Amino acid sequence: MTSTNYDPRILKAPHPVPGAPDNWKRFFSFNTDAKVIGIQYIATSLFFLLVGGLLAMIVRGELITPPADLVDPSVYNGLYTMHGTVMLFLFLFPILNGFNNLLIPTMIGAPDMAFPKLNAAAFWLVPVFATVLMGSFFAPGGPASSGWWSYPPMSLQNPLGHFINGEFLWILAVALSGISSIMGAVNFVTTIIRMRAPGMGFFKMPVYVWTAWAAQTIQLVGLPALTGGAVMLLFDLSFGTSFFRPEGGGDPVLFQHFFWFYSHPAVYVLVLPVFGIFSELFPVYARKPLFGYRFVALASFGITFLSLIVWAHHMFYTGTPNWMRHIFMFTTMLIAVPTGVKVFAWLGTLWQGNLRLNTPMLFCLGGLFNFIFAGITGVMLATVPIDIHVGNTYFVVAHFHYVIFNTIAFGVFAGIYHWFPKFTGRMYYEGLGKVHFALTFIGATLNWLPLHWAGLLGMPRRVASYDPEFAIWNVIASIGAFMLGVASIPFILNMVSSWARGPQAPPNPWRAIGLEWLLPSPPPAENFEDDIPTVISEPYGYGLGHPLVEDEEFYVRRSQEA
Amino acid sequence: MTTTAPKNGPNIGAILIISIAVAINLVIAKLMATWSYSWFPPQASSAAAYVDDLFALETGIGSFIFFGCTGVMGWVLLFNRAGKYDESDGAPIEGNTKLEIIWTIIPLVTVFAIAAYTMNVNMKLQTLGPKHKYAIGSDPTTLVSVDPSADIGPIDVIARQWSWEFVYPSGVRSSELHLPIDQRVNLRLISEDVLHSFYVPAFRLKQDIIPGSIISYSLTPTKEGRFRLRDAMFSGAYFSQNQTDVIVESEQTYDGWLKATAKQPLRPGLDPGRPLYDRRLSRGDKGWATVPPAPAPMVNDPGDPSLPHDA
Amino acid sequence: MTSVNPDLKLNHTPGHVKHDGHNMTGFVIFLCSESVIFLAFFAGYAVLKLTAPQWLPDGVEGLEVRMPLINSVVLVSSSFVAYLAERYLHKGNLWGFRAVWLLTMAMGSYFVFGQYIEWSELSFSLSSGVFGGLFYLLTGFHGLHVITGIGLMGLMLARSFVPGNYDKGEMGVAAVSLFWHFVDVIWILLFLLIYVWQ
Ligand code: HEA
Ligand code: HEA
Ligand code: CUA
Ligand SMILES: [Cu+2]
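Residue numbers (the working numbering), protein chains in the order written: chain H, 191 to 752; chain L, 355 to 665; chain A, 48 to 245.
What the hints contain is simulated information worked out from the structure, not anything from laboratory work.
Please read these numbers as outputs of a predicted model, since none were measured by experiment.
Backbone N, C-alpha and C fix where the C-beta goes; we use that ideal spot for every residue, glycine too.
Incorrect hints may appear among the rest.
[What the hints assert, rightly or not] Here are the simulated distance ranges between beta carbons:
| id | chain 1 | residue 1 | chain 2 | residue 2 | range |
| --- | --- | --- | --- | --- | --- |
| 1 | H | Pro330 | L | Ala648 | 21 to 29 Å |
| 2 | H | Gly325 | L | His486 | 39 to 47 Å |
| 3 | A | Leu236 | H | Phe392 | 52 to 60 Å |
| 4 | L | Ala377 | A | Leu97 | 53 to 61 Å |
[Unchecked claim] Examples of chain A residues lying across from chain H (beta carbon under 8 Å, computed):
| id | residue |
| --- | --- |
| 5 | Ala93 |
| 6 | Leu97 |
| 7 | Gln101 |
Chain H with its partners taken away, still in its complex shape (with noise of 0.2 Å):
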């Protein structure tokens, strides 16, 4: 053993020491140092992805057959419900919370987040729900079985008439995801407005700090009033009130308005960070600039904007006033002005590029490839007649599992590549990446391309069996989905074989231009620590030959002697 000669302070020290052994204990610890917090973050999620992939498996077994077969159908209900929360609040929010955690403070050249210490109760509030949505598996009665949007009376009933059941623990489970998400967003807001290096104006912020700002804000807003409708549905539930209970003259579809004020932005919550990835990520790999990168960046903020007023689509066929759908069909439709902005922008990066076809930027074309088909069924969904046939019915599932995996799980993946090396200190195998890749993007083109179909003759989704026309399509999908499961094989031992004894990372693999790029890889807990570069240019000054800081030579050598 070597590390005999050590300090010993060094190796209870609670972040990592460049050049020594690593202390792996810090992260099961309460520990405020918002990258030790990243990776927490991003292991947990990790984790969920395999428990909510698993459920999905199941999912997907029982449909590759027309009848229930595999489970009983209240199994079915229950077993999709969990899928879909699990898959948003325990792997999509918390792995995109991670992200915040890691390039956030490095990327505007701060030491840490705002408030270390909420940083880090938000993370642990994670296994705390964590623990309570899993736990709900062995509630009385089973887990939560009403959908991920709990629409009440359904999500009232409570069969066994427990106080203690799965819908209670899910709606629980639900709000502490909240309160942790609330405490991110304040932390990361402050954080963006208040610490960034010196010279670094807002239009001198990487694109990812942009968009995560841009989230949060939607965080901010939105959650709130998902919390307030938590709350009521909470009453309803176990103390008597009929808010949205028809026998008392409470009225149903009050609630949907609040759950999709706050579900439909989240899923913009969901989308931009990874819109930050692929604008960071295709001008390293393409050597270009990013194309209209102040357009780029304020189409962020555009989305947040327009995100807040178009709830109401989710709504069209629940008894919408003809006027009120015209509204938000309109405000819908916007959206695909901002987002267009981005992805023509992400084209114009890759025009006349010298492109670099590593695992990262494989994810993110085939990324930004699945999000142009998922933004057009977004727009055909938002056209009311269409989506008044095709709402309810795989065609949305479809949709959705587009972006939220083809899209957004993709640009997860490319994140997690990209700065693979420069977190854990650590290479990646290129070549099980690619492996990887290959398999996640026939995958989930098998599974989710068929199931359009499906949905337009009209198979309904939440359903544990189904007519016989719509095998073929979910035979397909289900073959998708197998193969999905599979691709995680790789992914999984590429991470854990790299981060044990994959090559040393240098502090800038991929030649690329930002303030964490001047770190060390992995960097020190406060980051610059006293020393924090002033910036001087826009990012992303590829082939511009000008550099992003004052004295960057000196930051280039202290990083590479660390």
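Given chain H, put chains L and A with the ligands in place with the hints provided.
Chains L and A with the ligands in isolation, oriented as in the chain H frame:
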């Protein structure tokens, strides 16, 4: 697309390539739009053609955008790849304000045009009538005035966990919905427990049914046949079973059916969740909690679920 | 490579001290966000009041306004009193601050007490239809905020006895008093919604 033009004037070659690409893309978009009609069940109501046309239009526009964008991606993948040891940077283009304004305006105009056109279509469809809230326990059917433009009705559509019941003005009760072709029919949608949705894919129509509210809804079937009616708003354990058929028939057949059915005694109607629930009970009530199915509706015509449906 | 970097800062407190600004920024952001919960409840109240087939529970005529009005006047004036306390603190008059701050707390407590009396005299309960539920939800949720505010003020009062506590500014007091104003503004809206709009 953007910068093939060198500093000195337009580049004929580039313009030619772009024009050919756009032309090919237009052809593909047109083909996709035409093809899209075959992705639907048959058109069996007056709304269906509108929906399919709109969908074809958007498939065309969408395909043009999709293949246009992915075409650019394909192009750079083919021609702009860095060689193995090529560490050089690409062309340092930072943006192009004119271009950016163009690609803001074009989508803006496109979506406005689509939305305006859709609004127009939507006004023509006019299926959704007024919705009235009522206190559970009172009789809601007094609340909704009949759609004056309807030829027949109102037929009460009653959804339950997990069965359908249709009550005709003459008092006839049925488990399947019989409708005469080419007549505008007025329905009153009623739920006694949770949310359901009246969805007939061949009609391209769907409307949620909300407990505590009664909704007036009108439609015109235009094709004879037996079509699937599916509950499309999740309603609990046996949601997927909650289906029945709509039978669109000629006026004579319809009248004959009404008369003949009126003479039938009331008996338990379709109750598709029941067999699964009984199976569950016989296996020791294993599974996760569910409310028991509502009692089967008492109807004059219980229907025949074994008959094959057209869509 | 196994050498120890001699100037490692191991037991450091993060090398940035000027944090008060962050705290206030964060707190203001939090309050903005928090206000949306109330907005959601208010919107729910308005929608249900306008559309419910039966609004007031059987046998309930409406709410008595006089007592709640007195209560409201006390609560709202306490905002000005809190401001006065802040002025004292700013001028360095610690005892003045403590006295007036305590008065604010007393006024807040009076409000909570008045609310308790009102609740105990009402003829309807949480489960009396939509109105009953909304009434208790809104006033209860607001009441929780008042109680939290009083608790925080107590904390600030206790802290004022820590020597040197205000050397680096009065952030805590400023934040609590901001919270208190927030709670008051919410109450005004709530009062208009529940008692005036009957
Ligand atoms: C997670 C991310 C995410 C994203 C980014 C989107 C993006 C969009 N979504 Fe999607 N959506 C979901 C996740 C997402 N969605 C989920 C989870 C659901 C279902 C929830 C549930 O029911 O359980 C859903 C459901 C859903 C519905 C409800 C369907 C129903 O239930 O009946 C609708 C309807 O309008 C819709 C529309 C849109 C639109 C218009 C966009 C737009 O933002 C897309 C904009 C992008 C583009 C258009 C492509 C790029 C643009 C260009 C290349 C410019 C040129 C384009 C044109 C001129 C058209 N979505
Ligand atoms: C982030 C969000 C997210 C993600 C990533 C996914 C990913 C997947 N989902 Fe998704 N899904 C939702 C969010 C998501 N889903 C939501 C919100 C709903 C709606 C719920 C509702 O209606 O209420 C839904 C609904 C939904 C349905 C519809 C159910 C129904 O309506 O009846 C289906 C059916 O095919 C499905 C399948 C899948 C599949 C096959 C994947 C695949 O992409 C998953 C791929 C899997 C992996 C990558 C992990 C592989 C792991 C293993 C194979 C297990 C190994 C295990 C261990 C080692 C422990 N999902
Ligand atoms: Cu935190 Cu400076
Ligand atoms: Cu939406």
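Going through the hints against the structure:
| no. | hint | verdict |
| --- | --- | --- |
| 1 | Pro330/H with Ala648/L: 21 to 29 Å | holds (23 Å) |
| 2 | Gly325/H with His486/L: 39 to 47 Å | holds (43 Å) |
| 3 | Leu236/A with Phe392/H: 52 to 60 Å | violated (33 Å) |
| 4 | Ala377/L with Leu97/A: 53 to 61 Å | holds (56 Å) |
| 5 | Ala93 | violated (11 Å) |
| 6 | Leu97 | violated (10 Å) |
| 7 | Gln101 | holds (5 Å) |
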